[in-house]
Amino acid sequence: MVDILTLPDEQRQIVQWMMRKKSDVSLAEVAERIDFTQSDAIAIMDELVDQGFVQEMQIAGEARYRIRLAAKRGTQQQTIQQALAPGNPLSVILNPSGDYALVAGSNFDLCVTVSNKGNQSALIDIFIDEVSYPRNWCINPHERLALGANSTSEVIFQFQVPLEAKPSTYNYLLVVDAPLHYPEDTPIRHNSRLQVLPPVEAAIRVSDPTFSLSPPTSSAAPALLQPGALLQVAVSIHNRSDRVDRFRLTCPELNEKWYTVRYPEGLNSPGLVTSATALDLNPGEKGDILLFLNPPMDAVAGTYFPTVRLYSANNPDLVLLDVVYLQILPTYLLTVEFRSLVGKVRRLAGLYEVRLNNSGNISREVIVRAKSLDEEDVCSYTVLPTMLRIAPFSLATAEIKVKPLKWWRRPIYGGGRLINFGVEIEDTQQLPLINDAPQGTLYWEPRPWWQFLLVLLTVLGTVAAIAFLVWLLFFKPKPSPKVIEFGSQDNFYQAAEGDFIRLSWQIRNPQQLNSLTITGQSPDGTAALEPISYDFSRGVPDQLKSFCAIRQILICKNVRTDARKPGDYVFELKTFPKNNKDIASNILKSNVIKIEPIAPPKIVEFSSSLPVYQERLAVPPNNTPNDKILLNWRIINRDQIKELQLIGRSPEGEVTSVLKRYNFSEGIAVGLKKYCTIEVGLLCKNVPTDARKPGDYIFELAVIPNNGQEEPSDTKKTDAIKIQAQPSKIVEFKINNQEALAKYLVPINKNKPGGVFRISWKVEGGKDIKVQLLPSPGNVLTSGSLPYTISQKPGSETLTLQVTNAAGEQISRSVTIETFEPPPPPAPPPLIPAPGAQGSNAPTLVPAPPIPPPLPIAPPPAAGAPASPDGGAGSPPPAPGAAASPAPGAAASPAAPGATTSPAPGSPSLSDPDSLSPSELPPRSD
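Position one of the sequence shown corresponds to residue 1 (the numbering used here), numbered consecutively onward.
Read the hints as simulated data drawn from the structure, not as lab findings. Even glycine gets a Cβ: it sits at the ideal position worked out from N, Cα and C.
What follows is a list of derived Cβ distance ranges for each label pair:
no., residue 1, residue 2, range
1, A221, L405, 55 to 61 Å
2, D9, S380, 41 to 47 Å
3, E652, F492, 41 to 47 Å
4, E365, E164, 30 to 36 Å
5, A221, E164, 21 to 27 Å
Full structure from sequences and hints, please.
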């Protein structure tokens with residue numbers, strides 16, 4: 001603050017004003033604040049920028065200024081610390097250290113050397129401040145260094161100034177900060193300036209032409225010019241080459257209407273003067289070109305800096321530029337036009353319009369007000385908008401509404417009333433305005449004649465109102481009690497909670513209430529509860545004192561009734577006044593109030609553990625794992641279960657599993673305790689059934705609730721469950737302990753009648769398997785043996801072992817035994833001489849056919865052999881010659897030949913027909 005107080009008056013006022021404003025300001029605002037021209041203001045601002053109090057920025061091509069006292073204090077503090085404390089941990093060296101000038105379109109390198117003199121490593125940020133305009137030209141405006149103790153490093157910031165950059169002086173701020181390691185000694189700030197020159201070659205050759213402008217101008221001292229005025233600029237050109245050159249001048253940034261280039265007139269032919277389009281100069285000569293700047297009348301006030309470019313015919317690529325600084329002076333011309341839109345009113349507001357025409361070349365900001373010019377103000381004035389911003393050479397309009405407020409001041413008869421008011425216009429920048437303020441007049445019309453009739457009616461109405469008040473206070477009958485609200489706070493109750501329905505009501509005029517009656521009805525109108533009556537003749541009865549309160553209204557809440565059974569209820573409230581105790585003065589019914597019954601048990605899951613089961617084997621050991629149906633179910637609301645009923649049926653509806661009842665009156669039924677658990681509901685798993693026979697089953701589970709209802713509250717059926725029958729298998733079918741073949745041929749031996757052999761078998765299958773030996777003895781056990789007597793008569797007999805399971809599937813094996821009488825032995829063949837033995841008399845014998853092997857000996861039945869189904873140890877052989885055909889669909893299974901044994905004496909021989917000699921075969925008819 002000491003530095004600010006030492007500033008000159010103008011600079012101190014600007015800095016203090018910017019500190020209060022706390023925002024960016026433009027050059028026009030600064031000039032307006034100190035009442036200087038912009039050329040003088042820019043000189044003051046440049047000095048403040050140089051001293052570090054103000055930061056200059058370029059925003060959208062316009063110069064803006066921001067207070068930078070923090071940077072100023074930081075720089076001074078850092079300078080003092082460096083001067084007084086040589087042990088400062090960080091030191092910064094800039095190269096170049098001061099201001100730097102360069103040409104637009106060139107590059108600039110700023111080298112920053114940072115030394116860490118402290119005793120610790122530090123992470124250092126080096127960057128160009130964000131508010132600095134040259135930051136946009138820097139390739140990488142932010143760098144970071146990690147420096148150890150007593151180490152030094154360098155950072156280079158590369159600036160690429162664009163070719164279109166405007167020639168000017170740009171301030172930038174370099175910040176060195178180490179907040180993590182040296183927070184008390186940083187940040188360190190350095191303010192520098194970068195001056196951008198016009199984009200000309202840095203080295204001008206001796207032979208290149210040069211030019212200068214007269215009068216000279218600068219950004220601090222521009223040429224002042226009124227709109228429409230003429231400024232003559234002389235351009236002096238020096239041709240320093242050794243050739244004749246032709247020069248042409250132009251202003252590429254200005255409209256052609258703004259300037260005129262005049263070249264010296266020449267004599268191309270004797271006596272003829274022509275206008276030239278360029279300036280021709282001999283080597284070493286100088287010449288002038290006149291540039292006339294003539295801004296039009298509608299030129300906006302401000303500072304302009306057009307570029308002047310000189311073209312050389314010999315060096316067309318040579319760029320020769322200079323800048324002319326112009327300041328168009330402001331003109332102040334604001335005219336006001338006042339128009340009356342609605343000037344005669346009765347009840348509405350008058351409407352007027354103020355039109356402001358800005359014929360000047362600067363923007364104007366004015367405030368429009370309206371005020372009364374009469375001694376007594378009876379109107380309100382509304383201006384929309386109050387503040388107008390008028391651009392140069394444009395028009396703005398404000399609307400004024402004048403509304404009379406004191407309606408009783410309106411004239412009753414005769415002529416109306418004139419209300420005079422004036423319009424005030426104030427410029428916020430204290431710029432010149434017109435002296436005469438516009439004035440307006442509002443005519444307030446008188447009242448019409450029929451309003452006198454309204455006054456008369458008003459008087460009559462007042463008299464009637466007074467009469468009504470007298471009747472109301474002294475003669476009005478006392479009001480009867482009226483029910484204004486009746487019902488229950490909750491329209492749904494649960495019977496499981498055991499609560500009663502509670503009612504609430506509100507009755508107006510309770511002082512006149514003698515009694516009230518509450519009746520409970522069903523929705524169809526029949527009585528469901530006995531009526532309850534309460535006597536209010538002496539105030540609130542004792543049974544209601546804890547529920548009711550009397551003020552101006554009788555309010556009773558949560559009064560208990562006798563309704564607790566499930567069902568729908570409609571309650572009716574009747575009030576009986578004191579002046580008529582027998583007739584109800586008011587009757588009101590409640591909405592339907594429902595007591596929900598206790599939720600019955602419900603089956604949510606019911607299924608079988610497996611969709612398919614297998615029938616158990618007929619003989620032990622029974623190792624079938626899934627030979628009976630297991631069921632699973634889950635039931636919610638288990639506390640309401642009285643009994644479970646389980647029954648199994650076939651898909652046709654026939655009962656295949658008898659009805660089972662499980663009593664839950666004392667907890668989980670005895671037969672289900674090891675299968676069921678109580679979790680969220682009743683969960684039972686793998687409950688066995690008595691369904692074991694093959695077939696399809698559908699089980700139905702029914703739940704009987706404990707609320708006295710006999711019918712099931714819920715039933716559910718399973719999908720079809722199948723028990724597959726065990727596949728039947730003939731494990732063994734033997735004759736005389738050898739696998740039976742499909743056919744046997746047995747010759748009849750009359751010398752040894754009554755041959756017997758033994759048949760044995762073994763079958764595996766389900767429990768309900770049926771084994772038959774056909775044609776006799778019929779049904780037999782699943783394993784056993786029988787003796788079989790061969791008939792002594794020629795014929796064919798078929799023995800069939802047939803197996804039928806519970807599903808009706810059949811398998812069988814058959815053996816055909818054919819008996820025949822062997823033919824007599826043939827006569828011995830004649831002797832035939834052997835070939836090649838001519839002259840020899842020895843006969844050759846034909847060998848006899850082979851003798852068939854003997855049948856295996858049938859062993860005697862073992863002790864304890866299984867008996868036949870009729871109870872004997874064996875069955876008698878079938879009648880001789882009886883033949884039985886195999887059952888339809890039965891197939892004979894071939895048997896592998898077994899080992900043979902020596903035949904027992906007296907046992908018949910069974911022969912394979914393929915192994916018999918021709919003499920033993922029965923005769924065939926061809």
